[in-house]
Amino acid sequence: MHELSVAQSILDIVHQSVPQDELADVRIVRVKVGTFSGVVADSLDFCFSAISAETPLAKARLEFEHIPFAVECRQCQKTFENDIGFVVCPVCGGVDTAVLSGRELQVTEIELENEKDKIA
Amino acid sequence: MSIITVERKVLEKNDEIARRNRATFSQRHLFVINLVSSPGSGKTSILERTLEYFNKRVKVAVIEGDVQTDFDAQRIARYDAPVVQIVTNGGCHLDAKLVEDALGSLDLTGVKLLIIENVGNLVCPSNYDLGEEMKVVVASTTEGDDKPLKYPGMFQHASVLIINKIDLLPYVNCSMNTLKRNALQINPSLKVFETSCTTKSGIAEWCSWLEQNIHHEDGEGKDIGATRR
Ligand SMILES: Nc1nc2c(ncn2[C@@H]2O[C@H](COP(=O)(O)OP(=O)(O)OP(=O)(O)O)[C@@H](O)[C@H]2O)c(=O)[nH]1
Ligand SMILES: [Mg+2]
Ligand SMILES: [Zn+2]
Numbered sequence: 584m585h586e587l588s589v590a591q592s593i594l595d596i597v598h599q600s601v602p603q604d605e606l607a608d609v610r611i612v613r614v615k616v617g618t619f620s621g622v623v624a625d626s627l628d629f630c631f632s633a634i635s636a637e638t639p640l641a642k643a644r645l646e647f648e649h650i651p652f653a654v655e656c657r658q659c660q661k662t663f664e665n666d667i668g669f670v671v672c673p674v675c676g677g678v679d680t681a682v683l684s685g686r687e688l689q690v691t692e693i694e695l696e697n698e699k700d701k702i703a
Numbered sequence: 384m385s386i387i388t389v390e391r392k393v394l395e396k397n398d399e400i401a402r403r404n405r406a407t408f409s410q411r412h413l414f415v416i417n418l419v420s421s422p423g424s425g426k427t428s429i430l431e432r433t434l435e436y437f438n439k440r441v442k443v444a445v446i447e448g449d450v451q452t453d454f455d456a457q458r459i460a461r462y463d464a465p466v467v468q469i470v471t472n473g474g475c476h477l478d479a480k481l482v483e484d485a486l487g488s489l490d491l492t493g494v495k496l497l498i499i500e501n502v503g504n505l506v507c508p509s510n511y512d513l514g515e516e517m518k519v520v521v522a523s524t525t526e527g528d529d530k531p532l533k534y535p536g537m538f539q540h541a542s543v544l545i546i547n548k549i550d551l552l553p554y555v556n557c558s559m560n561t562l563k564r565n566a567l568q569i570n571p572s573l574k575v576f577e578t579s580c581t582t583k584s585g586i587a588e589w590c591s592w593l594e595q596n597i598h599h600e601d602g603e604g605k606d607i608g609a610t611r612r
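Going down the list, the protein sequences come from chains S and P.
Residues in the first sequence are numbered from 584 upward in steps of one, following my numbering.
Residues in the second sequence are numbered from 384 upward in steps of one, following my numbering.
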């Protein structure tokens, strides 16, 4: 359970990506989370709210894009997904496979509400 | 509304320090393994048996990671090996920065093999690269044969599986075949060893494999199934 330190890293990335005077405008931080990223999205969400409360980022929340664990078989070229972590091809039994996705833990976008939006 | 595109890995800072550690290790021709398992699978016992086997013929240094206490470092110090204890104070895994800092207080003169014993935890350490050459996961027979399926992350990232406490097989409900089959479904390229730290069965096989890898780092042997993941 290291969601707290992961939340802190996300907070750092937001601070480095958004000008100081616009931090309070941040509404959504989009995060890609692979099945095997090693973090639990709900728990990460909770930790992020806890450490951003009473800071300029208090109105920011995390939005997750879940990335499935996907594997490609080099023997039969089929692609398959599962959330168990199996890498053996279910079609031909091949073990020469490549993991395509499922290990992501990445901040992709930060959405801000501008002055203009507030007036409208 | 405006959108800032970021595309940054959350653990990029760790990965960057891990790259730095890896460069340091390769400069020093150090073979480095990251030993991971759930609490009590026998990581420190395997280290003790390994140090005993090499009996200073191969110089081994150890970094111990624990949530509290320096008990494990004390156990290792008895073998007269350079050892440093990292106490994470609640932290569930070692990260590259902790290892980088620990390296500063280790005398690596003549050391060929560095073993980092991670915090006993089958989940979190799998996501933190320390700069090691490979992860070695220990699963003991007393934990049952379903661990690879319950904690696939760790088995995906490991290059070697040590099945420990095989002396207890007659007393526990654990099938070696099932355990191996489960592990290989998650990671078919796992190299598997079976050990007992009580009877010392399998320790020689594990240690000679390690020794081959150490030579390999000097450019002697080559490719014996060790892969970096
Ligand atoms: N019967 C038997 N007991 C073992 C074996 N290996 C380790 N043990 C025992 O298992 C217990 C835990 O061993 P450790 O080596 O401390 O395990 P560890 O993985 O280092 O534990 P943590 O660092 O706390 O996560 C000790 O009581 C050991 O004596 C083995 O092969 N057979
Ligand atoms: Mg230990
Ligand atoms: Zn196939």
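I should point out that these hints are in silico values taken from the structure, not numbers from a laboratory.
Predicted model, so just to flag it, every value in this text is computed and none were measured.
Even for Gly, the Cβ is constructed at its ideal location relative to N, Cα and C.
You may find that some hints are simply not true.
To be verified - DSSO-like, lysine-lysine: derived pairs with alpha carbons at most 30 angstroms apart: (1) K396/P - K439/P; (2) K533/P - K615/S; (3) K563/P - K661/S; (4) K615/S - K480/P; (5) K439/P - K642/S; (6) K533/P - K661/S.
Claimed, not checked - Label-pair distances were calculated between CB atoms; the ranges are: (7) T662/S - V575/P: 45 to 53 angstroms; (8) T388/P - A607/S: 43 to 51 angstroms; (9) V674/S - K439/P: 49 to 57 angstroms; (10) D625/S - T582/P: 40 to 48 angstroms; (11) T638/S - P553/P: 51 to 59 angstroms; (12) A653/S - T471/P: 52 to 60 angstroms; (13) T638/S - S558/P: 34 to 42 angstroms; (14) Q599/S - N438/P: 26 to 34 angstroms; (15) S488/P - N697/S: 48 to 56 angstroms; (16) R610/S - E588/P: 56 to 64 angstroms; (17) A633/S - L491/P: 13 to 21 angstroms.
*Take a look at whether the Cβ-Cβ distance between T662/S and V575/P falls inside 45 to 53 angstroms.*
Violated, since T662/S and V575/P (Cβ atoms, about 28 angstroms apart) do not stay within the stated range.
*Supplied distance hint 48 to 56 angstroms, evaluated on CB atoms of S488/P and N697/S*: Given about 50 angstroms between the Cβ atoms, the range holds.
_Tell me if the straight-line CA distance from K439/P to K642/S falls inside 30 angstroms._
59 angstroms, violated
*Note whether the CB distance of Q599/S and N438/P lies within 26 to 34 angstroms or breaks it.*
With Cβ atoms ~50 angstroms apart, the hint is violated.
*asked:* Assuming the hint says 34 to 42 angstroms, is it satisfied by the Cβ distance from T638/S to S558/P or not?
replied: This hint is violated: roughly 52 angstroms between Cβ atoms.
*Take a look at whether the Cβ-Cβ distance between A633/S and L491/P falls inside 13 to 21 angstroms.*
Once the Cβ atoms are compared, 40 angstroms apart, the range 13 to 21 angstroms for L491/P and A633/S is violated.
_Can you confirm whether the C-alpha distance between K396/P and K439/P stays at or below 30 angstroms?_
The given pair, whose Cα atoms are some 36 angstroms apart, is violated under the 30 angstroms limit.
*That 49 to 57 angstroms hint for V674/S and K439/P (C-beta), does it hold up?*
Holds: the Cβ-Cβ distance is about 52 angstroms, inside 49 to 57 angstroms.
_Does the beta carbon distance between R610/S and E588/P stay inside 56 to 64 angstroms, or does it fall outside?_
Roughly 57 angstroms apart at Cβ, these two residues keep to the hinted range, so it holds.
*When you check the alpha-carbon spacing of K563/P and K661/S, does it fall within 30 angstroms?*
25 angstroms, holds
_Straight-line alpha-carbon gap K615/S to K480/P, limit 30 angstroms_ = 24 angstroms, holds
*Quick one, are K533/P and K615/S close enough, alpha carbons at most 30 angstroms?*
23 angstroms, holds
In summary, the structure is inconsistent with hints 1, 5, 7, 8, 12, 13, 14, 17 from the numbered list given earlier, while agreeing with the others.
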